Every structure is written in structure tokens, then in C-alpha cells.
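Residue-level listing of the chains:
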Amino acid sequence: MSKAKRLHPAAIVFNFVQGLKGWIFYIIISFVALRDSSILYFILGLLALLLIIFTFSFLSWYRFTYRIVADELRMEYGILIRKKRYISKNRIQSIDLTQGVIHRIFNLTKVQIETASSGTDAEASLKAVKLAEGERIRDQFKGHVIDPEQEDQPEVDSDPVFSISSRRLWLAGATSGSAGIILAFVGVGFSEIEQFIPEHFYDSMTAWIIGLSLIFIITLGIFLLFFIWILGILGTMIKYWKFTITKKDDELFITRGLLEKKQITIPIKRIQAVGINESVIRQPFGFVTLFAEVAGSSLDKGEDFSTVLFPILRKTEVKQFLDAILPGYDVEMDQSKSILVPKRGLKYYLIRASLIFVLLGIGTIFLLPKIIWFLIPVLLVFLGLGYLRFKNAAYQIDENRLIIQYRNLSKTTVMVYHKRIQAFEEKQHKLHQKENLATIKVSVLGKMGAGKVYKVKELDKENADKLADWYSYSVSNK
Amino acid sequence: MREPPKNRIALDAIKVWKITAAIYIGVLWLLIIAVGVLFYIFDFPFWIILTAAILNAINTYLFIFVIPELRWKKWKYEIFEQEIYIQHGILITTRTLVPMIRVQHVDTEQGPIMKKFKLASVTISTAATKHVIPALHEEDAANLRDGISSLARVEEDDV
Numbered sequence: 009m010s011k012a013k014r015l016h017p018a019a020i021v022f023n024f025v026q027g028l029k030g031w032i033f034y035i036i037i038s039f040v041a042l043r044d045s046s047i048l049y050f051i052l053g054l055l056a057l058l059l060i061i062f063t064f065s066f067l068s069w070y071r072f073t074y075r076i077v078a079d080e081l082r083m084e085y086g087i088l089i090r091k092k093r094y095i096s097k098n099r100i101q102s103i104d105l106t107q108g109v110i111h112r113i114f115n116l117t118k119v120q121i122e123t124a125s126s127g128t129d130a131e132a133s134l135k136a137v138k139l140a141e142g143e144r145i146r147d148q149f150k151g152h153v154i155d156p157e158q159e160d161q162p163e164v165d166s167d168p169v170f171s172i173s174s175r176r177l178w179l180a181g182a183t184s185g186s187a188g189i190i191l192a193f194v195g196v197g198f199s200e201i202e203q204f205i206p207e208h209f210y211d212s213m214t215a216w217i218i219g220l221s222l223i224f225i226i227t228l229g230i231f232l233l234f235f236i237w238i239l240g241i242l243g244t245m246i247k248y249w250k251f252t253i254t255k256k257d258d259e260l261f262i263t264r265g266l267l268e269k270k271q272i273t274i275p276i277k278r279i280q281a282v283g284i285n286e287s288v289i290r291q292p293f294g295f296v297t298l299f300a301e302v303a304g305s306s307l308d309k310g311e312d313f314s315t316v317l318f319p320i321l322r323k324t325e326v327k328q329f330l331d332a333i334l335p336g337y338d339v340e341m342d343q344s345k346s347i348l349v350p351k352r353g354l355k356y357y358l359i360r361a362s363l364i365f366v367l368l369g370i371g372t373i374f375l376l377p378k379i380i381w382f383l384i385p386v387l388l389v390f391l392g393l394g395y396l397r398f399k400n401a402a403y404q405i406d407e408n409r410l411i412i413q414y415r416n417l418s419k420t421t422v423m424v425y426h427k428r429i430q431a432f433e434e435k436q437h438k439l440h441q442k443e444n445l446a447t448i449k450v451s452v453l454g455k456m457g458a459g460k461v462y463k464v465k466e467l468d469k470e471n472a473d474k475l476a477d478w479y480s481y482s483v484s485n486k
Numbered sequence: 007m008r009e010p011p012k013n014r015i016a017l018d019a020i021k022v023w024k025i026t027a028a029i030y031i032g033v034l035w036l037l038i039i040a041v042g043v044l045f046y047i048f049d050f051p052f053w054i055i056l057t058a059a060i061l062n063a064i065n066t067y068l069f070i071f072v073i074p075e076l077r078w079k080k081w082k083y084e085i086f087e088q089e090i091y092i093q094h095g096i097l098i099t100t101r102t103l104v105p106m107i108r109v110q111h112v113d114t115e116q117g118p119i120m121k122k123f124k125l126a127s128v129t130i131s132t133a134a135t136k137h138v139i140p141a142l143h144e145e146d147a148a149n150l151r152d153g154i155s156s157l158a159r160v161e162e163d164d165v
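Protein chains in written order, with the numbering used here: chain A, 9 to 486; chain B, 7 to 165.
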């Protein structure tokens, strides 16, 4: 039993900022509209609006109480319409603690409580409570004790712990997605742009201006790319600072973040699939990102599609990592057992990869015939990508486990248990039927209750059927 | 080679689809006529409306006279004790397997046109996907719904 408590008053600030966010657009518009003639009215109106928002923020803080009664979290809130929400302990899937910058100043934390429901938002969130209180709530409902002071020191007990080294973190940043943008620009862009821009522009009236500014533009471009790269490194550093994953009983704990400190709980039971992602930049160096599909979680909203289990690992370390953290999961493909796409499927991969580009290209060639020298290398890149996708597409059955490998831009290998597959689909269009090819689709429960689909296109019909038979429960159908 | 599913959906589905398509396309025709009248009054170029009319004529032919039959022909389903097996698609044939233990809930649904023909559609939802059997006789749909929901059991340790 405990008394009804309010959140820390800092919650008013969060409410206020949140309320203001919704109005900022209108504020800017009315500022632009009223700036000359009636700035006074604007200021008065703004003050009134701020006052109203503040009042609401204060009231919603004042009216929000929570208490813990016999393994139940009870919240009462709502300014005019009173709402009560009770969440019982055994319905709680995970409790995440997040500390933003403001939280850390006051030593507070945000508590997000997830249940199995498939909404996009956390079921319940306490915007600001004292860190100690947040941990008390988590421990009461999840029954785990992690001392935040001890985080940096090695754990005393034998629970497996993996932390990211600062060298690895730097490497992760340097090879993050932003590096990909640069590579695309540098690789295909610069060598070619120089060739055709001057010719095209020099005979125009404003040639010399552009000529002068071209050097400027290129310099600026290089600086910009460098800037993006640095941003990418910084972004990764801030996000994955001191990334630590621990296994405790049947749950994984992740702590990470420099400015915003996050503590995430993943119940192992809720993991639907585990996979590795080899981005184009990391693949040559043998580095991968390890991720998991966790059902019904709203972690990392809008950041990642899947929950990152470890931001950067050597491919050879994955097995050891999984053995320690997630026994029973293994994403390594056995070359001899894996089933690939037959040769006759290649043309579909090449066409798919290059079709949009070819159509766009043909259009452009009509307008700018010279551009063809620029387009051909790009086309080759697309065809190359298609070929790689063809080479990488594969599946492998290991008793009750299925491993699927595919490539969009980066190569993904994902492992899923038979019982985690929600539905299986086999697709054939008319041309496929003639060539005895089929595309397979495996649906898994992803985050936010949305399905996640893994596909292998243009498999041999026989192999597709083999997979269907493996999946099918009905003996009569085999 | 895997066998396709055995059961067909109700034959009246063709009529339902035809009527539904006729309503949609009828609205399009009305729109074209209305715009045509406006174009005539304001003396805008007529070929635009002519193209629209030709396109809609093709639509009419395809969606009322060709596609419903083909669609019905391709639609097959079979309910096993442990899974649901569905096949559909005219150009792209899709065969789907949904295990019973993955089924979260089953809905039947009936619009006004379907009601007239005593048909209903059955929607089978898993945690991640949705599968619709578009037209069954009312009793079949109800039986199927009850049958599936009694067969569907959610294992504790999963989702």
C-alpha cells in the first residue's frame, strides 16, 4: 500500500513544452502576419496563450496521481474528465526508464510501462519521478535490482554483460548511415558531375558566374558532406554512449545514451526474431548490427525499425554474443544447407533493381542527351545491386528454426522460430508459373503490433513448397 | 507439388462483385456526364472527356464482365484442423497458410448487397496479419467463424 503521489513538478515543464509544440506553427504564422501592423496584439495574444498552456500543464500535473496498491499501478488523471487506469503486475511486459537532459539535471527519470497491447504509445508513462522512485517502481513490478552507481563497474555476479568500447563506438559512428550518403555522392556523383556540368553551363550567358561559383559549390559540398559525416558520428555516439546489454534471468537490460539516458527491458519471451544487418559500408570491414524484433514494444519510436541488441559487432563475434545473451538463437547461415535463388531468377532481380532508374533515365536522355555518360555508370551500380540481391537471397531450415537472408541496400540475415511465424505466403505471377518460380513471404509480429514481413523472391517452386511443407501443420497436406 | 485448397467460395460472389463494381463505375459515369455537360457549356476541349469516357468504358468491361468471374475461379480455401489454407489472385496467385494457434480473432461481415444474396465475408486476424475470405453463405460463414474460434487457441508463451 502506498499513498497517492504526484509526479515531480518538473512534469509541468514537460507538459508545457509538449503543449507549446502543438501551437508553435500557429504562433509563427501569426507572428509573420501581424509583425508590422499589430505586434502589440501578437504579444498580448502570445502571453494569453502561454498562460493558458501553463495553466493546463499545471492542472494536468496537479490532477495526475499514481499509487501502487497490491501489485497494481493505479493512475488517476484528467483535468475535467477524470480517468483511472489500473495496470496489474502480471500484465506488465517491460518498464523502461528514460532520462532526458532536463531529467538528469534534477536527477529524475521518465518511466514507461508497456503491456502486451498493440498501441503505439506506452500504456502508461510517468513523465517525471525521482530516479530512485522510478527504480523502485521498476523493481517492484519486475523484481530486478540494478544499482545505477555500479553500472560502470563490472558486474559482480555471473550475468553476461556486453559493453561497447569507445573505439567500437567511434567506428560505429564513422560507418553509420550518414557515411552511406557521402559514399553515394563521392562514388557516383563527383567524378561525373565535373564532366558534364561545365560543358553544359559554360556556353550559357551566365557562364563565368557559375564557373566561379562552381568551385565554391564543390568546396561547400565537400564541407557539407564532411559535416554530415561528423553529425553521423556524433549522433551515434550520443545514442549508443556506454551501450551495455545484460541478461538477467529471462530478460535483457539495455542501458545507453549520453544526453538522454535510456534503460530498456526486453523480455526474452517477447522476442520474435533476431537478425544481423550488414550495411554496405560495414560489410567490407566485417562489422554487423545485431537487432531483434520485439512484439508490442514502442521503444525507440521513430528511430529504428527494430530494437538494436548491439550497435556494432564483428561478424565472427556474433555467435559468441548470442550464445551468452540469447541461447537458442543463431543467425549464421550454413552454405551447404542454405537454399539459394536459381539462375533463372536473376533477370527479375536485375529488372527490379534498375527499372525505375531506366525509365527515369530514358526520360532524361530525351532532354539531355549528353547525360548518358553519367547515367551508364549509375545503371551499372543498380544492376550490381540487383546482382548482389540475387546472390544474397536465401533461406535455410534448421529443425524448428528458419533463417532468411535478403538484401535491400544492406544485407539482412534474420532467424525466426517456427512458432513465431504468424502466416506464410507463397506467390506466383503468370511468368513465374511458366518458369516454375515462386516468391515466399513470412510474417512475424513486429513492434507496435504491426506485422514484419520477410521475403525471398523467385525461389524454385519446389523449394518454396518445401518451406510451405515445413511450415504447414497439416500432415494431410504434405 | 502442393495441391491447391479444395473449397470454392459462394457462386453468388460474382453477382455481388458485379453489382458493387457497377455502383462504383456508375458513379464514375455520372461524374463524367456531369463534367461533360460543364465542358459543353463552357466550351472546353472535348477530347479530355472523350478519353475519360473511353477509359471508363474499358473499366466497365474489365471490372463488371471479366474480373469477377476470374476472381471467383481463382478463389479457393480449405480449413484444416490446425491451419487455414487460402489461395487467390488473378495475375499473381497467392497461397497463404495461417496456423490455427496464431489466429487471434475471427470476424464475419455483411454489407447490404451481400445481405441480399445471404452472403458474408470472414476475416481472420493473427497478431500480425489479416486474411479475408470474401464471400461465403451466411451459415457457412457463421460455422466457419465458430469453428475457427473454437480451434484457435493461443499458446501461453507466445504473443
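The set of hints was computed from the structure by calculation and includes no laboratory data.
Since we're looking at a predicted model, the values are computed, not measured.
Yeah, the Cβ is synthetic: ideal placement off N, Cα and C, and Gly gets one too.
A few of these clues could be false.
What the hints assert, rightly or not - Straight-line alpha carbon distances no greater than 25 Å define the calculated BS3-like cross-link-like pairs of lysine-lysine that follow:
| id | chain 1 | residue 1 | chain 2 | residue 2 |
| --- | --- | --- | --- | --- |
| 1 | B | K80 | A | K463 |
| 2 | A | K277 | A | K355 |
| 3 | B | K121 | B | K82 |
| 4 | B | K82 | A | K474 |
| 5 | A | K355 | A | K250 |
| 6 | A | K438 | B | K121 |
| 7 | A | K323 | B | K121 |
| 8 | B | K136 | A | K463 |
| 9 | A | K449 | B | K21 |
| 10 | A | K435 | B | K121 |
| 11 | B | K21 | B | K80 |
| 12 | A | K442 | B | K80 |
| 13 | A | K469 | B | K122 |
| 14 | B | K121 | A | K449 |
| 15 | A | K474 | A | K435 |
| 16 | A | K323 | A | K250 |
| 17 | A | K277 | B | K121 |
| 18 | A | K345 | A | K250 |
Stated by the list, open to error - Incomplete in silico selection of chain B near chain A, CB under 8 Å:
| id | residue |
| --- | --- |
| 19 | V72 |
| 20 | L76 |
| 21 | K79 |
Hint-by-hint comparison with the structure:
no.: 1; hint: B:K80 x A:K463; result: 23 Å, holds
no.: 2; hint: A:K277 x A:K355; result: 41 Å, violated
no.: 3; hint: B:K121 x B:K82; result: 21 Å, holds
no.: 4; hint: B:K82 x A:K474; result: 21 Å, holds
no.: 5; hint: A:K355 x A:K250; result: 46 Å, violated
no.: 6; hint: A:K438 x B:K121; result: 34 Å, violated
no.: 7; hint: A:K323 x B:K121; result: 59 Å, violated
no.: 8; hint: B:K136 x A:K463; result: 17 Å, holds
no.: 9; hint: A:K449 x B:K21; result: 32 Å, violated
no.: 10; hint: A:K435 x B:K121; result: 32 Å, violated
no.: 11; hint: B:K21 x B:K80; result: 16 Å, holds
no.: 12; hint: A:K442 x B:K80; result: 17 Å, holds
no.: 13; hint: A:K469 x B:K122; result: 41 Å, violated
no.: 14; hint: B:K121 x A:K449; result: 34 Å, violated
no.: 15; hint: A:K474 x A:K435; result: 14 Å, holds
no.: 16; hint: A:K323 x A:K250; result: 21 Å, holds
no.: 17; hint: A:K277 x B:K121; result: 44 Å, violated
no.: 18; hint: A:K345 x A:K250; result: 38 Å, violated
no.: 19; hint: V72; result: 15 Å, violated
no.: 20; hint: L76; result: 12 Å, violated
no.: 21; hint: K79; result: 14 Å, violated
Checked against the numbered hints listed earlier, the structure breaks hints 2, 5, 6, 7, 9, 10, 13, 14, 17, 18, 19, 20 and 21; every other hint is satisfied.
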